[in-house]
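Chemist: So you can see what is in the structure, the chains are spelled out below.
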Amino acid sequence: GQSLEQPSEVTAVEGAIVQINCTYQTSGFYGLSWYQQHDGGAPTFLSYNALDGLEETGRFSSFLSRSDSYGYLLLQELQMKDSASYFCAVRDPGGFKTIFGAGTRLFVKA
Amino acid sequence: EPEVTQTPSHQVTQMGQEVILRCVPISNHLYFYWYRQILGQKVEFLVSFYNNEISEKSEIFDDQFSVERPDGSNFTLKIRSTKLEDSAMYFCASSTGTPNEKLFFGSGTQLSVL
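For the record, the sequence lines run as chains A and W.
Position one of the first sequence corresponds to residue 1 (the numbering used here), numbered consecutively onward.
Position one of the second sequence corresponds to residue 1 (the numbering used here), numbered consecutively onward.
Each hint should be verified, as a subset may be incorrect.
[Stated by the list, open to error] Below, in silico cross-link-like pairs of lysine-lysine (DSSO-like), each with a Cα-Cα straight-line distance of 30 Å or less:
| no. | chain 1 | residue 1 | chain 2 | residue 2 |
| --- | --- | --- | --- | --- |
| 1 | A | LYS81 | W | LYS102 |
| 2 | W | LYS42 | A | LYS109 |
| 3 | A | LYS81 | W | LYS57 |
Just so you know, these hints were derived from the structure itself, not from any lab.
Kindly produce the complete structure, drawing on both the sequences and the hints.
Modeler: So, in structure tokens, the structure goes:
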């Protein structure tokens with residue numbers, strides 16, 4: 001089976017940098033995705049890592065270490081609008097579903 | 001950017017009633033999904049649909065649930081006899097289906113079973 005672990009909550013101040021970690025246990029692995037979800041909204045895709053290393057997209061970066069079954073999402077220059085839940089996710093290699101972690105709630109304070 | 005659309009945004013029903021949740025996936029996508037999310041909890045997979053048939057379903061997706069693609073654009077989720085515990089936000093999603101697939105989610109239908 002597949003399982004993902006991520007912290008339930010993180011708090012940071014505006015302008016700071018925050019890292020949201022995710023560890024996974026999977027029977028096979030394509031890559032690790034990250035989604036953002038604002039309250040009352042739909043999950044929206046942020047990034048995908050198939051290979052080890054850092055992928056940067058503007059203020060957001062995502063890192064993967066396949067040997068450690070670990071990844072993180074890095075958010076820089078935090079803004080109030082970044083307050084949301086962030087989910088790591090993996091595609092089930094034996095099937096058709098994407099499995100989500102329980103989500104990390106990020107609170108950005110002024 | 002193309003988007004997945006869902007209707008209605010809110011649905012209130014009595015326990016035991018049937019509901020149909022509707023979705024229009026992105027037109028060139030091949031894989032369609034229903035997920036649900038109970039308030040404050042994780043996004044849970046219900047079912048995937050490809051080539052006009054269910055490709056995978058979760059243990060949540062029991063005989064009370066069914067999906068259909070009645071025409072070339074709509075994708076529906078039917079709950080035959082709703083229970084209180086079916087109250088949740090239901091998201092439709094679609095993708096091109098490549099291994100690094102990006103799921104595109106609709107804005108969801110909030111189902112409240114009374």
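Chemist: Now tell me, hint by hint, if it's right for this structure.
Modeler: Cross-check of the supplied hints:
{"no.": "1", "hint": "A:LYS81 <-> W:LYS102", "result": "holds (22 Å)"}
{"no.": "2", "hint": "W:LYS42 <-> A:LYS109", "result": "holds (24 Å)"}
{"no.": "3", "hint": "A:LYS81 <-> W:LYS57", "result": "violated (35 Å)"}
In terms of the numbered hints stated before, the structure departs from hint 3 and from no other.
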